[in-house]
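Trainee: Listed below, chain by chain, are the residues.
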Amino acid sequence: MFLLYFKTWRIPVLKICCVHFGYCVFKCVYFSVRHDIACHVTVCSFKMAAEDLPSQFDVVILGTGLTESVIAAACSRVGQSVLHLDRRNYYAGNWASFTFNGLLSWIEEYKNQQKVQITESEQVWRSLIDEGEDVVPLSSVDSSISNLEVFCYASEEEEKEEETKAPLTSCQPVNAETVSEETTGDSTEAQDTVTEPSQSQEEKDSQPISSPADPPVEVEKKITYQKLVKEGRRFNIDLVSKLMYSRGALVDLLIKSNVSRYAEFKNIGHILTCRNGKVEQVPCSRADVFASKQLTVVEKRMLMKFLTFCLDFEQHPEEYQDYTEKPFREFLKNKKLTENLQDFVLHSIAMVTQQTLTEEGLKATQHFLRCLGRYGNTPFLFPLYGLGEIPQCFCRMCAVFGGIYCLRHSVQCLVVDKASNKVKAVIDTRGQKISCSHFVVEDSYIRDEQRQSTAYRQISRAVLITDRSVLPSESDQQISLVTIPPLESSAPAVRMVELCSSSMTCMPGTYLVHLTCSSSGTAQEDLAPVVSELFHVSTIPGEEPSEGAEERSKPAVLWVMYFNMRDTSALDSSSYSLPSNVHVCTGPDGSLGSDCSIKLAESVFHHILPDEEFCPPAPNPEDIIYDGDGPQAEGPGFDESVNTEAEEEGAAHEKNPSTEPAEMDSVADTTPSSEE
Amino acid sequence: MHGRVKVKSTAQQEEEKRKEREKKLKAFVSARDAVLRKRSAGEHDEEALQLTQQLLSSNPDFATLWNYRREVLLQLETSREKDEVQKLYESELHFIEACLKVNPKSYGCWHHRSWVNTRLPQPDWTRELGLCDRCLSLDERNFHCWDYRRVVVKESGVSVEQELQFTDRLIGSNFSNYSSWHYRSTLLPQLHPQPIHSHRVCEEQLLKEYELAHNAFFTDPNDQSAWFYYRWLLGRGVCVCIFNCLCQLCDLPPGSVSDISNEHNLTVHWTEKYTHRDCALYTGEHRERRSVACVCVCGRSELSVEKSSVLQAELQSCNQLLELEPQNKWCLLTIILLMRALDPLGHEKETLAHFQTLKEVDPMRSSYYSDLCSKFLIENTILKMEYAEVRVFSLSNKNLTTLCHLDQLLLVTHINLSSNQLLRLPPQFAMLQCLEVLEADDNAIESLEGLYHLPKLEEVSLRNNQICKLSDLESLASCTKLTRLDLRGNPVHKTANIDSELSQLLPLVTALSL
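If you read the protein sequences in the order shown, they are chains S and G.
According to the working numbering, the first sequence is numbered sequentially starting from 1.
According to the working numbering, the second sequence is numbered sequentially starting from 1001.
Everything labelled a hint here was simulated from the structure, so no lab data went into it.
Positions of the beta carbon are idealized from the N, C-alpha and C atoms, including for glycine.
Be aware that one or more of the hints could be misleading.
Stated by the list, open to error - Derived DEER-like restraints, expressed as beta-carbon distance ranges:
| id | chain 1 | residue 1 | chain 2 | residue 2 | range |
| --- | --- | --- | --- | --- | --- |
| 1 | G | R1141 | S | S490 | 47 to 57 Å |
| 2 | S | Q477 | G | C1404 | 23 to 33 Å |
| 3 | G | K1082 | S | P472 | 24 to 34 Å |
| 4 | S | P619 | G | T1357 | 36 to 46 Å |
| 5 | G | Y1178 | S | G376 | 16 to 26 Å |
| 6 | G | L1138 | S | P472 | 20 to 30 Å |
| 7 | G | T1126 | S | E280 | 29 to 39 Å |
| 8 | G | T1357 | S | S473 | 42 to 52 Å |
| 9 | S | S577 | G | L1138 | 51 to 61 Å |
| 10 | S | S473 | G | F1228 | 53 to 63 Å |
| 11 | S | P472 | G | V1029 | 58 to 68 Å |
| 12 | S | E280 | G | K1101 | 37 to 47 Å |
Claimed, not checked - Computed cross-link-like contacts, SDA-like style, restricted to lysine to any residue with a CA-CA straight-line distance of at most 25 Å:
| id | chain 1 | residue 1 | chain 2 | residue 2 |
| --- | --- | --- | --- | --- |
| 13 | G | K1019 | G | T1064 |
| 14 | G | K1023 | G | K1038 |
| 15 | G | K1469 | G | R1484 |
| 16 | S | K335 | G | K1023 |
| 17 | S | K293 | G | K1023 |
| 18 | G | K1469 | G | D1499 |
| 19 | S | K326 | S | V297 |
| 20 | G | K1208 | S | A287 |
| 21 | S | K305 | G | D1220 |
| 22 | S | K293 | G | E1439 |
| 23 | S | K305 | G | V1361 |
| 24 | S | K433 | S | D58 |
| 25 | S | K305 | G | F1228 |
| 26 | G | K1384 | G | L1322 |
| 27 | G | K1208 | S | V289 |
| 28 | S | K278 | S | K418 |
| 29 | S | K336 | G | L1508 |
| 30 | S | K418 | S | D130 |
| 31 | S | K293 | G | Q1316 |
| 32 | G | K1208 | G | K1375 |
| 33 | G | K1208 | G | A1313 |
| 34 | S | K305 | G | E1022 |
| 35 | G | K1469 | G | L1487 |
| 36 | S | K305 | G | K1375 |
| 37 | S | K293 | G | R1484 |
With the sequences and hints as input, model every part of the structure.
Mentor: Written out as structure tokens, the structure reads:
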């Protein structure tokens, strides 16, 4: 049984190792990423049934969100042994991306968790605790998501060609419960696939990345709920909605560490804003300003002048020093920018609030501007297949350098040495005691008893599937960032990212819309007004939008989900009462970029390994000295990570030693051709 | 340490790279020699194609090889069917495309591509246009590609409107693109051809173009590409031309000058191809020479009222920009030019002030601005003279650095150039055939080469200049009527025996001040 699994996965693993150190990044690398990770998982989970994990690691990391994954990759890259665990059955925690069906089961899981009372058994691990050791239990419940609401507006009618399901009786907007009932079949299936990324390769191949997306579905043809479910695998729905600043910490890290080769990116085509109910383009680059029809020539000059000043504002302190204590807004007024321009700069370029102070506003503007032009005319990139790809890319990096991965596997408690007040081991959910010198953990695993302060913020999120873009343009395959200034002055500004199907996050003919703001109430309270302002929300599912021309011009919402996510980004080590070698990673924050998480990862890494470089680039294949000497050894086997795996799987090799070399050879032969 | 990948040291890497390079070089050289041998042996076969292909794919700038390839292709062509020829050349196009990826600015490649297209029985221009678009999207300033594109457009008959849209697109994505702007300037006259003035653009289109240029220079006033285009546009609306009269006049075919003699003036109706100008010729001294030693006046066609209003509006928008960007040199310069086109005399004061600012903000070009300013001042003075019909030309204390338009001063008898910054009296000065008195005190004149064969020159004052050598004064000997010469305050007076030398050189000068 094991061998069977092993053999199936072996080929992709080796292939990846070759590609990994190759110059060129082939299209197939992307798919390999997924196989690679899936393979590690398969191997590990099987091993756990058969035998225990190694009992000693340098670093144990719990949670596979962005920060944790970066730390894992960084540690593994410099030779630390890393065990990376997650209690969920998918990667990336609150950073995850789900297929539509995957998301439905995630919703169901959330609903179940609300009902089920957790009973904890402490007794299992009591026996493992020695004298002089203390225990810090971890939380087994994730409470970072709240106020989840789901509404479906797509027609429930079955499609003509489909004859399997009986027509549904319900005509009211369906809430989450009904949704999940209908899709039990799909959701179990989704769970069985272990992780969302392990989609089959053929399926991915059917959506070639470089080709333009499929022709848009004819307007007449309505998209039904069944269609969404049927095409569910074309969706990659992010829980967090972020973009990558092209000169932000994340992009720099991806480049520096060569992790960028595991993913592909698309740039954001439109920077939009919504004023007085009208969606319009924000002139932010030189070309935009030049082409803008809304600005007068004098405004163009004023704006360009201001933006040019912002690029190196530190050089001209006399311009702004009187305003350092005053809001950015006032500074903009003083710079004689028209109302129009003030709005553009404040909300869409600096993306700060009315209260933000001048210097911070200038910095934000500067950051935005510096990102322009690196990858096209907008400052942002988006990873194809969703943001959830990024943590997985780092996990892969970690795995390639020998890190071990287990999903659906958590830590029950930490074993603390009383004398030094340091964690010396952890006890996993299978009752194994694993010693480690450092423990990195995501915030949601921490119990309230260990918190000094529980004052965290919340992020309000909405995810919509719509049938059209908010700003139709020549090309319907553009990703748009829309900033929506607060409707009332007290409300928070809302950020909206509209993803097209060529971003590989939604099915052709639909758009996936993410709304984000810092919470003042529940997500629905915060965001529903914006949704109804920008979109057509029908009262009856599947109903044709009313005849009014204005209504028709808005995209229709097919499906919407609201939820709140806890934002712990303001917390630091002083917020927890934990041993000094426990490093807590806060979850995703509400900002547009990921700089906060990357900086945190770097600081944790330097805490653990003060003298090591953070994510140095992976070496070129030509520069690697192969074990057992210089001339190119046959095919794979040059990478230490493969050796590591080989050691781990030593038992398997011994069982069938005769087949192994033959297999290696055949792999070596097939590798080049399979890459093409 | 456990888990670390071992990496070669840099020295090792360098050594390997060096060896690699040597190997490559050796292979290249031997292949090159083989090809050249084949060529001198006059072999034109498939093998030659293959060998040159190998060499050119690593170095597409090897012109001899492209030539050889053309010889081979021409040879092969003769022995093949039409569709085989098509195939042969299509594969050639593919190969060139690969070479262009190696060096997208290879002269040889682009030239060869044009050639192949002329040989192709059925050239596919759409594909060629696509190739150009791809190339230009990677580098919008690749002029090789622009050149090639022009050929393609010409051959494939793409409409002017489409081409204009193409430039719209390129300018929209980045307006710092001289090629696009220039291309536009060649397209616009074709778009609305006007029977009389083939190089002019219709009013309506012109206004759109002005707007486009405004958008560009208000967005980035330091980008000169848009300013250049703008200046071209301004030149379309008006005809500011100044003739070089004398020489042209003599060259005119018989009959084009219909002169109506009266006592003092001669009016010439001057008909060139499409333009029609009048100018008055002042009769010269008929007695002395038969040649129309006379003349002239610049033909400066007045602006029509509507054109002036357009320019007036343009001047306003430029002034608006200047308010926002008081230091912008392009804006200043354009304003000066507009003012000159509108009313050179009325704006003289402002123009001078703007020149002053220009010299301050752009000190590297201050000499250029000084020269330009001198030119404008001289033009203005000529204009004033024209109106007053006087024959005295006075431009003292104006910071002149250079002299120009001397050809238009043929009838002047008195010139005062004192207190300027002139360094020389240029050879063109000899055109002032009627000159009697020259005052050029307080300059920095070193050379007098223009004071040559001036038959009426009687008096020259060159106080406080930089005339150093006696030889500098030699040209004066050819001015037979020169009797008064003032050389006070020049280094030349230090020369030994200056008095006697001078009286020997210029025996006719009776009143000499040293």
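Trainee: For each hint, tell me whether it holds in the structure or not.
Mentor: Hint check:
no.: 1; hint: G:R1141 to S:S490: 47 to 57 Å; verdict: holds, 51 Å
no.: 2; hint: S:Q477 to G:C1404: 23 to 33 Å; verdict: violated, 59 Å
no.: 3; hint: G:K1082 to S:P472: 24 to 34 Å; verdict: violated, 48 Å
no.: 4; hint: S:P619 to G:T1357: 36 to 46 Å; verdict: violated, 58 Å
no.: 5; hint: G:Y1178 to S:G376: 16 to 26 Å; verdict: holds, 22 Å
no.: 6; hint: G:L1138 to S:P472: 20 to 30 Å; verdict: holds, 29 Å
no.: 7; hint: G:T1126 to S:E280: 29 to 39 Å; verdict: holds, 36 Å
no.: 8; hint: G:T1357 to S:S473: 42 to 52 Å; verdict: holds, 44 Å
no.: 9; hint: S:S577 to G:L1138: 51 to 61 Å; verdict: holds, 58 Å
no.: 10; hint: S:S473 to G:F1228: 53 to 63 Å; verdict: violated, 32 Å
no.: 11; hint: S:P472 to G:V1029: 58 to 68 Å; verdict: holds, 60 Å
no.: 12; hint: S:E280 to G:K1101: 37 to 47 Å; verdict: holds, 40 Å
no.: 13; hint: G:K1019 to G:T1064; verdict: violated, 28 Å
no.: 14; hint: G:K1023 to G:K1038; verdict: holds, 23 Å
no.: 15; hint: G:K1469 to G:R1484; verdict: holds, 19 Å
no.: 16; hint: S:K335 to G:K1023; verdict: violated, 63 Å
no.: 17; hint: S:K293 to G:K1023; verdict: violated, 59 Å
no.: 18; hint: G:K1469 to G:D1499; verdict: holds, 13 Å
no.: 19; hint: S:K326 to S:V297; verdict: violated, 29 Å
no.: 20; hint: G:K1208 to S:A287; verdict: holds, 18 Å
no.: 21; hint: S:K305 to G:D1220; verdict: holds, 9 Å
no.: 22; hint: S:K293 to G:E1439; verdict: violated, 59 Å
no.: 23; hint: S:K305 to G:V1361; verdict: holds, 18 Å
no.: 24; hint: S:K433 to S:D58; verdict: holds, 14 Å
no.: 25; hint: S:K305 to G:F1228; verdict: holds, 21 Å
no.: 26; hint: G:K1384 to G:L1322; verdict: violated, 29 Å
no.: 27; hint: G:K1208 to S:V289; verdict: holds, 17 Å
no.: 28; hint: S:K278 to S:K418; verdict: violated, 63 Å
no.: 29; hint: S:K336 to G:L1508; verdict: violated, 73 Å
no.: 30; hint: S:K418 to S:D130; verdict: holds, 11 Å
no.: 31; hint: S:K293 to G:Q1316; verdict: holds, 21 Å
no.: 32; hint: G:K1208 to G:K1375; verdict: violated, 32 Å
no.: 33; hint: G:K1208 to G:A1313; verdict: holds, 13 Å
no.: 34; hint: S:K305 to G:E1022; verdict: violated, 53 Å
no.: 35; hint: G:K1469 to G:L1487; verdict: holds, 12 Å
no.: 36; hint: S:K305 to G:K1375; verdict: violated, 34 Å
no.: 37; hint: S:K293 to G:R1484; verdict: violated, 70 Å
Checked against the numbered hints above, the structure violates hints 2, 3, 4, 10, 13, 16, 17, 19, 22, 26, 28, 29, 32, 34, 36 and 37; every other hint is satisfied.
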